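S.K.: These are the residues of each chain, in order.
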Amino acid sequence: MTGSHRRILVVEDDPETAGQLVEQLTTSGYQVDLAGCGSDALSRGAACDYAVITIDRMLPDIDGITVMRQLRDDGIAAPFLIISALGEVDDRVRGLRAGGDDYLVKPFSFVELLARLEALGRRSETIAKETILRVGDLAIDLISRTASRRGTGIELLPREFQLLEYLVRNEGRVVSRAMLLQHVWDLHFDPSTNIIDVYVGRVRRKVDDQQAYPLIHTVRGVGYTLRAPG
Amino acid sequence: MLLAKTLTSSTFKLALIAIGTFGAIVSAIFSYVYLSTSGYVRSRSDRAIMAEVADLRDVYERSGREGLIGLIRQRTSDKVFAGHVYVLSDPASAVLAASAGEWPSRTMAAAGWSEFRVPAAASERTGRPLVRGMMDILAGGDRLLVGRDITDLDDFTGQIETAVIFGVSLIFVLAGVASILVTRRTVGRIEQINATSRAIMASGLDQRIPLRGTHDEWDRVAENLNLMLDRIEILMGEVKQVSDNLAHDLRTPLTRMRGRLEKAYHGQRLGEEAQTLIGDTISDLDAVLRIFTSITRIAQIETQVRKQAFRSVNLVEIAREVVELYDAAAEQRHSCLTMAGNRQVLAIGDRDLIFDAIANLVDNAIKHGREGGKVVVACEIMNGSPVVSIADDGPGIPADQYEQVFKRFYRLEQSRYTPGNGLGLSLVAAVARLHGARIDMFDNSPGLQFKLCFPAPGTQRQ
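Respectively, the protein sequence lines represent chains A and B. Quick note: the first sequence, position 224, residue 224 per the numbering used here, numbers continuous. Quick note: the second sequence, position 135, residue 135 per the numbering used here, numbers continuous.
In short, the hints are calculated from the structure, not lab data. Don't take every hint at face value.
[As the list claims (entries may be wrong)] Partial list, derived from the structure: chain B residues whose beta carbon lies under 10 Å from chain A:
id, residue
1, E161
2, E238
3, E262
4, G279
[Unchecked claim] No farther apart than 27 Å at their CA atoms in a straight line, the calculated lysine-lysine pairs in the DSSO-like style are these:
id, chain 1, residue 1, chain 2, residue 2
5, A, K206, B, K374
6, A, K206, B, K367
7, B, K307, B, K407
8, B, K374, B, K451
9, B, K451, B, K367
[To be verified] Which stretches of chain A does chain B cover? Using the computed rule of at least three CB atoms under 8 Å from a CB of chain B, they are:
id, segment
10, 12 to 20
11, 107 to 119
Note that the structure is predicted; figures quoted are calculated from it, not measured. Positions of the beta carbon are idealized from the N, C-alpha and C atoms, including for glycine.
Make the full structure from the sequences, and use the hints.
M.R.: If you want it as structure tokens, here you go:
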């Protein structure tokens, strides 16, 4: 992302949560504007070109979804991240249908928010049309759906390959469990078990066991990241 | 359908018993009337005949055989005595005088009462009139038969008989028809109440039993049931309101709390011990939030709103995805997780929710099944309805606890120390209720088998 594209609009009515967001996002290198209500969000959103707009579903004046629709109608192309306190799938789906690009349920971890913002911001970048992706000594072939490290093939089930592909595409970024469920399994809820950890654990054994260095790393309390050392 | 229900209803059975009892009493009364009427009429004519026999015997004793013959001839020609029959014969049965033309030989046998038919010529009637007569043996051995034409009497008792039979039959038919009509009405109203109850169970509390405006006892029953439903709806609404408010009001402080903890966690001047402490606190907070999410999720499923998004789904596909997802978890317990059954089983429902329900059951089967055991997920069509079954070969649970496990936060003694919050099966139950599906539990000996029986596609959308 270029410098001008690290500008984010945060729409949040709770002052303390808003304060925390601004502080942490600023620390992470974002330029943050804050809107405390729906009308404020409408004027700010239309005035400036933001990389991402995060919007709370419940605002004191105008509903978050309505604000988003309005800005879309005004031709604002920035991706939206809906933050909903309701945590109900139909609300999420309604949010997405109305033009939101991702959602997050309150309370969320800041790292999760950051991961989502990174993923959303990346959308505007050109997507590479390569058929073989490489991270360190790992290579995955998107056509033959095979993976290898230092030329040695890794046997993966189709879903395991999908998971690895998602991690590779988000190389160096933190990917949360919920994001994995959403993108690899198309599930829009959290099974209240450690099933994702168990699944990633198996992929990790296949990919990292008896290799020079590990590629898949656990990010405590959030999820995983795939990166080569150095 | 309604007729079958009418005929099997208890009201109709009671009506039949009443008709039977009533009919038996009426038949008894009518038979008594018939018997006593015909008996009375008969005994009157019998008394008249006996009196006449006594008169003629007097004449015989006073004026001898010739005198009686004369009297018989005189009476035969007299119009007043039309319908009377007199026959006098000697001891050898040779007829001496007769009004009826010939001696009915049958009646010669002995003295006493008899009934017989005489030739039509004896009177102006057509046909052979029926005569009831009494034969007497006179002093000289001569035989005297005195009789009366009882055709009229016979016709009369015949009419009474017909009237009685017709009347009783009519009563039975009318009572039968009336009881069917009344029962049908009752069954119809009850069926209406039943149908509404079923609809309420299937789709939520927004329906009410229709009133007819007749202010009869059925309307009152319906009114009271509707009032009860109103009350339940209000209570449910209040509970939902409370949990919604709770969810909303708690989430804001929890978000702040989590934010602060995370800030502290990523802070610079922090000892390793403090960091671990905060990290653990965050995990615990997340566990609280997950329980929270589960409860609101179950509550949301129970509002039935998601029914609107139902579409045709292939249970096999969903089950396969669950099996794929839980394959790693099974491997960790050295268990074998496999699929069985058909290649395609269609049902109407919500993919995410069905996935969640099957996932919960599979998760349970792996966790509570035998380590190194077998878990089989099978999709099939049983009696037309799509069924997903999840079976393990672990210790199972006692049959008397089958119902209990679906309660929120319920945990079996044996699983109290395994991870989980006791909400999984209540979520499964909520999903099943939303889909109108039935959950059956079986002893897999060894182990436990859950069966999710969905309604056959096509029967669900009414």
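S.K.: All hints, please: hold or fail.
M.R.: Consistency of the hints with the structure:
| no. | hint | result |
| --- | --- | --- |
| 1 | E161 | violated, 79 Å |
| 2 | E238 | violated, 19 Å |
| 3 | E262 | holds, 5 Å |
| 4 | G279 | holds, 6 Å |
| 5 | A:K206 x B:K374 | holds, 24 Å |
| 6 | A:K206 x B:K367 | holds, 24 Å |
| 7 | B:K307 x B:K407 | holds, 23 Å |
| 8 | B:K374 x B:K451 | holds, 17 Å |
| 9 | B:K451 x B:K367 | holds, 18 Å |
| 10 | 12 to 20 | holds (count 4) |
| 11 | 107 to 119 | holds (count 5) |
In the structure shown, a violation is registered for the earlier hints numbered 1, 2, in ascending order.
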